[in-house]
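So that you can map any letter, position 30 of the sequence shown is 30 in the working numbering, and since no number is skipped, the others follow by simple counting.
Don't read these hints as lab results, they were simulated from the structure.
Don't be surprised by glycine CBs; every beta carbon is placed ideally from N, CA and C.
Watch out, some of these pointers could steer you wrong.
Between beta-carbon pairs, the in silico distance windows are [stated by the list, open to error]: (1) Phe70 / Gly127: 39 to 45 Å; (2) Arg436 / Ala399: 34 to 40 Å; (3) Val291 / Phe442: 41 to 47 Å.
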Amino acid sequence: MTGAQGRFGRDHRHGFLSVVERAASEVSEDQGERPAGGPSSPDRGASPDRGASSDQGAGQWLAISFARLFRSPRLLLLLLLIPLGVLLAGIVGAVFELRLGVDSAVYRSGGLTLLRGEPLYEFNTLGSEPWWALLPFTYPPTAALLFIPLALVPTQLAWGLLAALSILLLVLVIRVSIEYLPTRRWAKPATATVVFSICVLALEPVWRTLFLGQINVVLMAAVLLDVLVVGAAGPRLRRFGGILIGIAAAVKLTPLIFVAHLFFIGRKLDALRALVTFFALQGLMFLLIPVDFREFWMHAVQDPGRTGPIHWAGNQNLAGLVARISELTPHTTYIAIGIGAILAIPAVWLMLRLQRSGRPLQALLVTAFFGLLVSPVSWSHHWVWVVPLIVLLAARIPAGATLGQWRSWSPLAAVVLVFGSGVLLWMSNGMDAELRWSPFEFVIGSCYLLTPIVFGAVLLGSELRRARRAPNRGK
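Given only the sequences and the hints, what does the whole structure look like? Please build it.
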């Protein structure tokens, strides 16, 4: 990925990149582009030296990008090639009854169970689940309602549709992230979007999300669009701020942390709108299936047996780390909550400083990774937020930097190594093997959750030094 990124600015290209460049040139994304720094407005804490556009125009750049995209058949074909291939695989899987998408099979069964009026949480598995995907339905009743479209197609095709949608939304996440880069030295965002979209498929959280038929990318896209696009748009679109986060939280409870993000950055009305959306959906499900509603909120939501062992290597969060180190102390949850409460203080300070200095993407990533750390369960495929982080780190590499300038490359290389190597797959796991790890194995087996802690500590130190220097410059 880094090698491809270094070639974006060259005049002569060969192979795949030449095709991408010719297609991107038709879009002419580099003409009339807004200055880097992302759409923003004065009430969003944007720094005036980052070229903030008008409030009305800030919400239009994405629509303009889509219009240009559809005027470039070659680029559109490049972007659609992989999603169409995945969808074709789903069709083939449906014909030959292949085992595709364990988690999407559970999603589909949840929607089908709701349609049939059967209980969602009475048993450990749902009656409509295929024999190769017998897992508990761990999501709120509202998720079953939103999964109904998957119930209308065969199990394998449901996987193909969800995976194809996830890839398209991954492209959107990357494009929005590029728009919010603090500096933009890539000639054409369209080219960078295509190259990044292909390269990040090699990351373990991404390919595992697609392989399992998980919904992580969809939820990430909903949050990122709500915070960075809807929140920076004109008055017409901005009045819907918070709704996407409310819907995402209704599918999985963990996106509720972004309600706090909205509140802290000053979008209190959007935070309220997110909560109203979330509770309105809960109220609807109480009216539709009161028994299942009570069963989930009174029992299933706090049943650890439905989510799996928290000490498993694939659970990359504070609770998992504490459980492994302490050999399953009964106080694991309380210890993890205490550590999370301590980390919340510098995390909120850092997030607010980044937001107020006109770096909303970085601020959002602080909240996202903090949420992964403190979530009760953060399986490795939940860490798809590494995608916008990689885009951000790649943009920070100085133009013309050589491999000898390792300080410029090392942050990106470290993240790619951790999340692209599949290192967690190498670790001994299962049957309580994690409780017998050596100290070295504990470090390697916790690399996902250690990455944001290390990066956050370095960034926090840098921002503290800047904050101390700022008063001296004013004297």
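A quick look at each hint next to the structure:
no. : hint                        : in the structure
1   : Phe70 / Gly127: 39 to 45 Å  : holds (44 Å)
2   : Arg436 / Ala399: 34 to 40 Å : violated (48 Å)
3   : Val291 / Phe442: 41 to 47 Å : holds (43 Å)
Checked against the numbered hints above, the structure breaks only hint 2 and satisfies the rest.
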